[in-house]
Structure formats: structure tokens, C-alpha cells
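*Asks:* Let the hints inform the model, and build the full structure from the sequences given.
Read top to bottom, the protein sequences are chains A and B.
So for the first sequence, the numbering used here puts the first residue at 1; every next one is plus one.
So for the second sequence, the numbering used here puts the first residue at 1; every next one is plus one.
These aren't lab readings, by the way, just hints derived from the structure by calculation.
All values reported here derive from a predicted model rather than from experimental measurement.
All C-beta atoms, glycine included, are put in the ideal place defined by N, C-alpha and C.
There's no promise every hint is true.
[To be verified] In silico DSS-like cross-links for lysine-lysine, where the CA-CA straight-line distance does not exceed 30 angstroms:
(1) A/K157 <-> B/K2
(2) B/K5 <-> A/K2
(3) A/K23 <-> B/K23
(4) B/K23 <-> A/K51
(5) B/K186 <-> A/K51
(6) A/K96 <-> B/K2
(7) A/K55 <-> B/K23
(8) A/K2 <-> B/K51
(9) A/K53 <-> B/K51
(10) B/K186 <-> A/K2
(11) A/K51 <-> B/K53
(12) A/K51 <-> B/K51
(13) B/K2 <-> A/K53
(14) B/K23 <-> B/K51
(15) A/K23 <-> B/K53
(16) A/K132 <-> B/K2
(17) B/K53 <-> A/K53
(18) A/K186 <-> B/K2
(19) B/K186 <-> A/K5
(20) B/K2 <-> A/K51
(21) A/K23 <-> B/K51
[Unchecked claim] Now the stretches of chain A that chain B is said to cover, found in silico as 3 or more residues with beta-carbon under 8 angstroms:
(22) 20 to 31
(23) 34 to 41
Number of protein chains: 2
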Amino acid sequence: MKVPKSVASLIEAFESLPGIGPKTAARLTYYLLHAPDTLAQQLADSARDLKAKTKICHICQNITETDPCEICDDPQRDRSIICIVEDPLDVWAIEKSGSFGGLYHVLHGVIAPLDNIGPEELRINELLPRLKGPTLAKSDSSNAKSGVEKGRTLEVKELILATNPSMEGEATAMYIQRLTKPLGIKTTRIARGIPIGAELEYADEVTLRRAIEGRKDY
Amino acid sequence: MKVPKSVASLIEAFESLPGIGPKTAARLTYYLLHAPDTLAQQLADSARDLKAKTKICHICQNITETDPCEICDDPQRDRSIICIVEDPLDVWAIEKSGSFGGLYHVLHGVIAPLDNIGPEELRINELLPRLKGPTLAKSDSSNAKSGVEKGRTLEVKELILATNPSMEGEATAMYIQRLTKPLGIKTTRIARGIPIGAELEYADEVTLRRAIEGRKDY
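*Replies:* Right under this line is the structure:
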């Protein structure tokens, strides 16, 4: 099949992305040929910058261009609550919903024994220092109490376990809950139930059971 | 919403592509962050090269890196038959099927009066010289006859009208058929009927009518 090299190369690149088959890849490529030059240029520039300019925030482990990231560095955010998510994409989704004003911690995966991914492969080790804090480590309880007011890392009062409601996500949430229990920090799990706009009759049994178990006063 | 600039820019670029919404754009971008560096690099390089390295073949008007393009320049291709298509993407689709060994002519659109696109906006003017050829232009019939044997452009014996079976595609096919009729070249239209794998009961009425009208001896 005779296709110009640069066209074939872009089709191949698109095809390597998840959910994009050969036909969609070709359609996108030929669309770019007709589209204004600026679009192909923006795609090229931002794909090049994506890896070069981003790094991992040393506090929350999210993708960022500055370290600490804009969220960790924002004095407006509520430092007393940390939302634990699987992936940077989950931070994007929650930020987009505008429903959370606290900090995040990105695990970069879930515990998945079948894929040989244990807790040590995740960014769980980076979570604990954020909860314990430097003064608590001294195990001096009077100092620790004042530290709660002063030190950033000591302010945490709630952990939201926002891993996906999958087998692996539930297992990971449970693991972190057990690990952090001795610290005496309140731990919550995101609500699982019927999504807004869905219909009860199409919901699966486990979701329905969770929705009834998790019912609230009305 | 706080997302690193390079991430936001790539999400925006993906979102500008047809059929990609904000969620898919974010998913693709965050996938690239986890994928090997080479993939983002290939995407960046090929998107940059796409416009810089490609041009239009002066013969068939297809997208190419060399002029004339690889297909027009290939001595193995049957020069007696030209397949007329709307877009470069159609050439890609037909080449992929491996069902055609002749040459192409890309119109870069269809006649669409509602969108103010007339025949002069298409590459129809570039088609006629390929059919008439240089010796025929002399209007010397004895020379022209020998020219049929020698000149490349005089070899054309069949035109396949392969515009889409849409209103505009049919109108464009009809226009070209009328325009080329005086040249006495055989003109055919791609078969329209039930696609392979589809079921009769789901086919629309026009397709069914075409399928019955176009029935063949069995």
C-alpha cells in the first residue's frame, strides 16, 4: 500500500493510542491534512512538550510542570483533607467537576496481584510522611499537638479513598485504610450507587446492593 | 481547573479532532504520559512533518511526498483506468482493500451547492488533460490514434466514478460523466448495494432498491 511516509507514520502513532483503530487513525490524519496548519503544529508541539516539561510533584505525585504542583502550592486549598486516587486522570476528572477543594495523592495504579503489582509498586510510601508529619515522628505528643496547628503535613484530618469501585480499587482502598488506621485519621470512601441519569432497571446487582446499603436520610 | 499547560494544550489539540470529545482527549493525553517516550515523540514528529513534507501530486492531485506520486510513477499500475474519488482518504481505503491496480484522480470534495462548492472548486480541471492528452489537443485524428499507443495520457480506457453514494457524490459523478461523455471513454460507477456482513432487514429503502436494480447473473 502506497501512502506517503509522514502520513503513514502519523496514522501509526494515532493507532497506538487506546480506542483508536486503523480507520479512525487514518480519518484523523487526513483531517489534519485539510485542517489549518496551526492544529497540526499545536499537536506536534504539545506532544513534544508533554514528556519534556512535565514531572511528578514530590508531594502529591500528580503530573505537574512545577514542583510542588499548583494544587499542593495553592494556599486556597483545604490542607486538612486528602483525596487518594489511582491516576492523574482521576485528578483531572474531579477537578473538572469542581466538587473538591482539598489536596490529592496519586497512587499511579492499584494493587493487582494478577499483574504482579503490589503496594510497593504504588506511591503509598510517599503518602505516609504526609500523614505522620515531621513532629509526630518525634513521638512527642505535646509537640505533636501544637504541630497540628503549625506544620502543613500535620493538618490532615480526613482521607478520602477515591480509587475505582473495581476489585483492585476496593482492595487498594482497604489496604490503605488498614495502613493508616493507627494514625487515627478519619477515612472515608467515595459513595457508590446509581449514577445520575441512569435507570434502576439497568443497574447491575452489586451497584444496586451498594445503593441500598448506602441509603441516606431524606 | 489546574492542569499543567503542556497537558492542557495536548488535550485541546486532541479535542479539535473530529469525533474526539473532552473525555477521550484527556484519556489519550494521560495515556501518552504513561506510554514510552517514543510514542509521544513519533506523534510530535509526524504531526510536524505531515504538512511540511507533503504536497499535491500534479497528476492525480493526491497527497504525496514526491511529485509525481508513487502511484502515478509506478510502471506496474494499469494506466488505462482512472478511479475518481472525493478525498485522499478514499485512495487510502481503496489501496488498503488491494482491489484496484489503476490510477486515481482526487477531486478534493464534491459539488455541494448548499455549501457554495461548484465544479470549479474541485480538481476537475486537472482531470481533463489526463483524458485528452497532448496529441489529441492538436485535433489531428491520425496522430491521435498513434498517440493512444504511445502517450501516457492517451491510454485511458475507463473512468470509474467512485464518489460516495450520497446526494452530492451522485451529483458530482453525474457532472463528470456528462463532461467526459464527448471523449468517448467508458465510464462506470462503483456498485451500490448491501454491504458484506449486513442484513437485508436493516438496509434502508434506497440501498435495497439499488441492490435489486443492480442485481447480476448468478
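*Asks:* Now look at each hint and say whether the structure bears it out.
*Replies:* Hint by hint, here is what the structure shows:
{"no.": "1", "hint": "A/K157 <-> B/K2", "verdict": "23 angstroms, holds"}
{"no.": "2", "hint": "B/K5 <-> A/K2", "verdict": "38 angstroms, violated"}
{"no.": "3", "hint": "A/K23 <-> B/K23", "verdict": "20 angstroms, holds"}
{"no.": "4", "hint": "B/K23 <-> A/K51", "verdict": "20 angstroms, holds"}
{"no.": "5", "hint": "B/K186 <-> A/K51", "verdict": "56 angstroms, violated"}
{"no.": "6", "hint": "A/K96 <-> B/K2", "verdict": "9 angstroms, holds"}
{"no.": "7", "hint": "A/K55 <-> B/K23", "verdict": "22 angstroms, holds"}
{"no.": "8", "hint": "A/K2 <-> B/K51", "verdict": "18 angstroms, holds"}
{"no.": "9", "hint": "A/K53 <-> B/K51", "verdict": "25 angstroms, holds"}
{"no.": "10", "hint": "B/K186 <-> A/K2", "verdict": "27 angstroms, holds"}
{"no.": "11", "hint": "A/K51 <-> B/K53", "verdict": "25 angstroms, holds"}
{"no.": "12", "hint": "A/K51 <-> B/K51", "verdict": "23 angstroms, holds"}
{"no.": "13", "hint": "B/K2 <-> A/K53", "verdict": "16 angstroms, holds"}
{"no.": "14", "hint": "B/K23 <-> B/K51", "verdict": "27 angstroms, holds"}
{"no.": "15", "hint": "A/K23 <-> B/K53", "verdict": "22 angstroms, holds"}
{"no.": "16", "hint": "A/K132 <-> B/K2", "verdict": "27 angstroms, holds"}
{"no.": "17", "hint": "B/K53 <-> A/K53", "verdict": "27 angstroms, holds"}
{"no.": "18", "hint": "A/K186 <-> B/K2", "verdict": "27 angstroms, holds"}
{"no.": "19", "hint": "B/K186 <-> A/K5", "verdict": "34 angstroms, violated"}
{"no.": "20", "hint": "B/K2 <-> A/K51", "verdict": "18 angstroms, holds"}
{"no.": "21", "hint": "A/K23 <-> B/K51", "verdict": "20 angstroms, holds"}
{"no.": "22", "hint": "20 to 31", "verdict": "holds (count 8)"}
{"no.": "23", "hint": "34 to 41", "verdict": "holds (count 5)"}
In this structure, the hints that do not hold are numbers 2, 5 and 19, in rising order.
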